[in-house]
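Chains as they are written, first to last, in the UniProt record's numbering: chain S, 1 to 240; chain V, 1 to 240; chain L, 1 to 240; chain E, 1 to 240.
For the record, the hints were derived by calculation from the structure and aren't laboratory data.
Incorrect hints may have been included.
It does not matter which identical chain is meant; a pair holds if it fits inside one copy or across any two.
[As the list claims (entries may be wrong)] Derived DSSO-like pairs (lysine-lysine); straight-line CA-CA distance at most 27 Å:
(1) K146 - K58
(2) K146 - K221
(3) K189 - K165
(4) K194 - K165
(5) K58 - K151
(6) K165 - K221
(7) K170 - K58
(8) K170 - K146
4 protein chains.
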Amino acid sequence: MTSHLALMSCLLVLLLSLDKFLLHYLKKRWLSPRISTSPSKSRRSMAAAAAATGGGAKWSETAMLVIDMQMLGWGWLMWDLQKDFVDPAMRSPMLVDGGQAVVPTVAEAVAVARERGIYVVWVVREHDPSGADVEIFRRRYYSGGKGPTVKGLKGADLADGLVIKEGEYKLVKTRFSAFFATPLDSVLKTSGIKNLVIVGVQTPNCIRQTVFDAVALDYEKVTVIIDATAAARPEIHLCE
Amino acid sequence: MTSHLALMSCLLVLLLSLDKFLLHYLKKRWLSPRISTSPSKSRRSMAAAAAATGGGAKWSETAMLVIDMQMLGWGWLMWDLQKDFVDPAMRSPMLVDGGQAVVPTVAEAVAVARERGIYVVWVVREHDPSGADVEIFRRRYYSGGKGPTVKGLKGADLADGLVIKEGEYKLVKTRFSAFFATPLDSVLKTSGIKNLVIVGVQTPNCIRQTVFDAVALDYEKVTVIIDATAAARPEIHLCE
Amino acid sequence: MTSHLALMSCLLVLLLSLDKFLLHYLKKRWLSPRISTSPSKSRRSMAAAAAATGGGAKWSETAMLVIDMQMLGWGWLMWDLQKDFVDPAMRSPMLVDGGQAVVPTVAEAVAVARERGIYVVWVVREHDPSGADVEIFRRRYYSGGKGPTVKGLKGADLADGLVIKEGEYKLVKTRFSAFFATPLDSVLKTSGIKNLVIVGVQTPNCIRQTVFDAVALDYEKVTVIIDATAAARPEIHLCE
Amino acid sequence: MTSHLALMSCLLVLLLSLDKFLLHYLKKRWLSPRISTSPSKSRRSMAAAAAATGGGAKWSETAMLVIDMQMLGWGWLMWDLQKDFVDPAMRSPMLVDGGQAVVPTVAEAVAVARERGIYVVWVVREHDPSGADVEIFRRRYYSGGKGPTVKGLKGADLADGLVIKEGEYKLVKTRFSAFFATPLDSVLKTSGIKNLVIVGVQTPNCIRQTVFDAVALDYEKVTVIIDATAAARPEIHLCE
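Given the sequences, and given the hints that come with them, work out the whole structure.
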């Protein structure tokens with residue numbers, strides 16, 4: 001009961017503060033606040049996304065951004081866990097499970113996108129072994145040619161079960177936002193893309209920053225499919 | 001009691017999902033979650049910011065960004081209120097009061113910054129009367145040469161009680177983030193600025209986007225003084 | 001004769017090094033290497049631009065950028081002349097005459113653009129009195145609240161005979177390129193603009209940088225009308 | 001004789017139009033207008049660069065950008081040659097020779113940089129097999145997963161004799177300028193870099209755009225070593 005009140009309180013506060021643009025993003029959450037890995041759920045989410053992006057006629061103007069689905073994509077948190085900044089009480093396997101659990105759902109969302117002719121963009125972080133292109137507060141994690149998602153190392157690979165097909169685009173980024181210091185905006189706009197559907201991990205950072213930059217860069221509809229995103233706990237999706 | 005639990009739950013969820021970088025930003029909130037307009041409080045906040053930015057020796061490397069303190073700066077929400085997207089139950093004078101109440105606190109924060117030789121940057125939105133440089137989801141608000149914060153109209157002026165002094169910089173922006181499509185990063189970096197202290201209104205949008213872009217752009221310390229920011233309700237500061 | 005050979009040699013060298021994209025830009029120059037201030041000439045140039053941008057049907061997808069037509073727009077050179085970097089032999093009134101002479105031609109080009117429904121964007125430099133947003137190698141020109149094209153001072157006004165009409169956009173920039181740290185790309189793309197016609201002063205710096213950024217930003221056709229641009233001497237248009 | 005006059009005329013015109021900033025760049029050319037592949041020449045050029053960047057004490061604040069030294073780096077021109085846009089009379093082996101001849105000089109310049117502790121950045125173009133991230137006027141060159149400098153294909157490799165060492169940075173770009181839509185500015189500024197020395201191929205496009213963006217982005221000294229750059233013919237270096 002208390003937990004329910006907590007969520008409602010949080011949603012109300014959010015509702016008051018966000019602009020109209022973000023409402024359909026919120027409404028989706030409001031209606032389906034639970035993370036589900038059910039494939040059929042994912043199809044239903046895509047249908048909701050279809051409605052949000054203006055119906056079936058517009059798939060050629062829609063791209064799906066698949067964010068950070070690397071083996072260590074959610075490993076940033078694990079990495080941080082090993083350091084001493086997160087409260088020990090929170091070091092639970094749940095964290096990792098959340099990331100792994102989302103893989104089949106993302107795979108399903110991508111399959112639906114491919115059926116509909118949506119342009120699929122795989123957004124991955126890759127860093128130089130020196131860490132020179134990492135956020136400064138994370139550089140201490142890099143030494144001896146190692147660190148999270150270093151180019152060419154195993155941690156930079158896509159999670160098992162996810163494959164980039166011909167005609168799909170792999171975008172390398174170095175910050176939270178997929179648009180920061182990358183050619184993504186050019187790739188999308190010259191392909192006639194006006195609407196985005198976003199799936200992947202780490203709602204509170206990477207997905208949020210990508211969503212806000214997409215709005216700043218004039219994409220018309222930006223939809224987040226929440227049952228194909230993961231964060232440490234379900235409530236984050238409601239309450240980031 | 002329930003409300004207290006709601007806030008705590010929200011904070012815990014947040015804590016789990018944010019990177020270490022944002023911790024000092026969070027910690028400030030954790031310790032002082034109430035919005036205060038008391039000048040002494042503001043001085044104490046600046047002292048906390050001093051600690052966060054590495055002590056008194058670094059004021060010449062610190063800038064204060066004063067965000068959206070225009071007469072209609074928080075008017076976006078009012079504007080939206082008149083349209084039909086926000087739930088009628090939330091159309092309260094509180095909203096506007098929140099914005100107005102913050103003015104003396106911001107003035108005090110600026111006064112402290114000036115004493116310490118911190119570089120003050122006044123970030124304001126100004127739009128073309130045509131609305132051609134507004135986010136697309138807001139363009140419908142512009143017609144007949146009028147709309148929120150149109151260049152040269154009264155709504156674009158700073159709130160009463162706030163004045164730009166010689167040697168301070170006025171930056172015009174057109175998006176949430178003060179860094180988006182503006183020379184702000186150049187102005188700050190060529191002035192030797194490494195740390196930012198942020199005050200102003202609209203935490204969930206403008207301040208958050210500015211904070212995240214500042215991190216992406218490698219500013220070392222980014223501090224938000226929460227008793228000099230306003231949103232519709234205090235809880236937003238805890239729970240955006 | 002020798003001079004003619006010099007120009008030809010220069011053109012050949014250029015031809016070899018430029019990409020296909022720039023050819024129509026070059027061809028225009030090749031065919032009409034003389035700067036003319038004749039209004040009828042300007043109409044003919046617009047017709048050539050029409051051909052270059054795909055015919056009359058596309059005017060709604062074309063914008064005209066009018067670059068740096070401020071009273072001191074070409075004053076940068078004058079300003080520099082007073083310093084000791086340009087060879088004294090070159091300090092001739094010709095320099096200024098070049099700038100002033102172009103005004104009626106630009107006015108004519110703008111008139112033709114308006115007739116055709118082309119979106120007109122006035123690009124002007126405006127700087128903070130402190131010089132904090134000027135290129136670093138020019139900051140020494142700013143002190144006591146004065147310097148070239150300071151916001152609100154007379155030097156920032158448009159040259160006599162040029163007026164911004166309702167529905168046209170005034171863009172403030174702080175670097176050579178009109179796209180650098182400005183919302184220009186957003187303003188143009190959300191207005192459906194795909195092609196650019198450029199007129200104004202200072203071919204070797206501001207216009208060239210704007211042209212190259214426009215190419216990088218995926219504008220399809222970029223045309224420079226050379227009889228409505230000015231630089232210190234006609235040959236610069238051939239040989240920058 | 002005529003040729004000498006042509007060059008002089010071109011230089012004079014350039015001199016008139018360029019800003020003071022570019023003068024040391026010009027002066028180097030004025031003094032050493034011939035392309036040389038002699039290693040000792042390269043050492044002397046580095047000494048000149050040392051003077052330009054403020055002496056030996058500043059090497060830790062200087063980076064060397066090595067531009068487009070890929071096997072097909074100058075292949076863009078060859079590629080274009082096979083199409084029908086360049087005058088047939090100019091299809092000479094000289095073009096390719098120019099590119100190949102520069103390799104030992106660049107290798108020598110890099111060796112000198114390493115000795116001095118200058119941070120070396122290897123800037124390479126790499127494109128998606130689909131061509132989705134190429135300039136639009138070049139997309140027709142991409143089909144069936146092939147095209148110039150496609151990621152993973154041989155043409156994207158560095159020219160023989162050039163090797164990236166540990167601690168050096170490889171930057172992937174998709175436009176002329178090394179700064180366009182890349183993390184280069186962040187990598188350099190967070191490494192404390194204030195001055196740039198530039199070597200490589202294709203002066204009129206890639207190097208020039210990179211130089212101008214570096215100026216716009218507030219780098220203090222930008223030096224181009226002309227005997228380690230190549231374009232189709234030596235005169236281009238004087239007269240672009």
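Evaluation of the provided hints:
Taking the shortest alpha-carbon separations for K146 and K58, neither the intra-copy value of 43 Å nor the inter-copy value of 29 Å comes in at or below 27 Å. For the homomeric pair K146 and K221, the shortest alpha-carbon distance between copies (26 Å) is at most 27 Å, but the shortest distance inside one copy (38 Å) is not. Proximity of K189 and K165 under a CA criterion of 27 Å is satisfied intra-copy only: 21 Å inside one chain copy versus 30 Å between copies. In this assembly of identical chains, the alpha carbons of K194 and K165 lie at most 27 Å apart only when taken from the same copy (22 Å versus 31 Å across copies).
Within a single copy, K58 and K151 get their C-alpha atoms no closer than 35 Å, and across copies no closer than 31 Å, so neither meets the 27 Å cut-off. Taking the shortest alpha-carbon separations for K165 and K221, only the intra-copy value of 25 Å comes in at or below 27 Å, while the best inter-copy value is 32 Å. In this homomeric assembly, K170 and K58 come within 27 Å of each other (Cα to Cα) only inside a single copy, at 22 Å, whereas the closest approach across copies is 34 Å. For the homomeric pair K170 and K146, the shortest alpha-carbon distances inside one copy (22 Å) and between copies (16 Å) are both at most 27 Å.
Checked against the numbered hints above, the structure violates hints 1 and 5; every other hint is satisfied.
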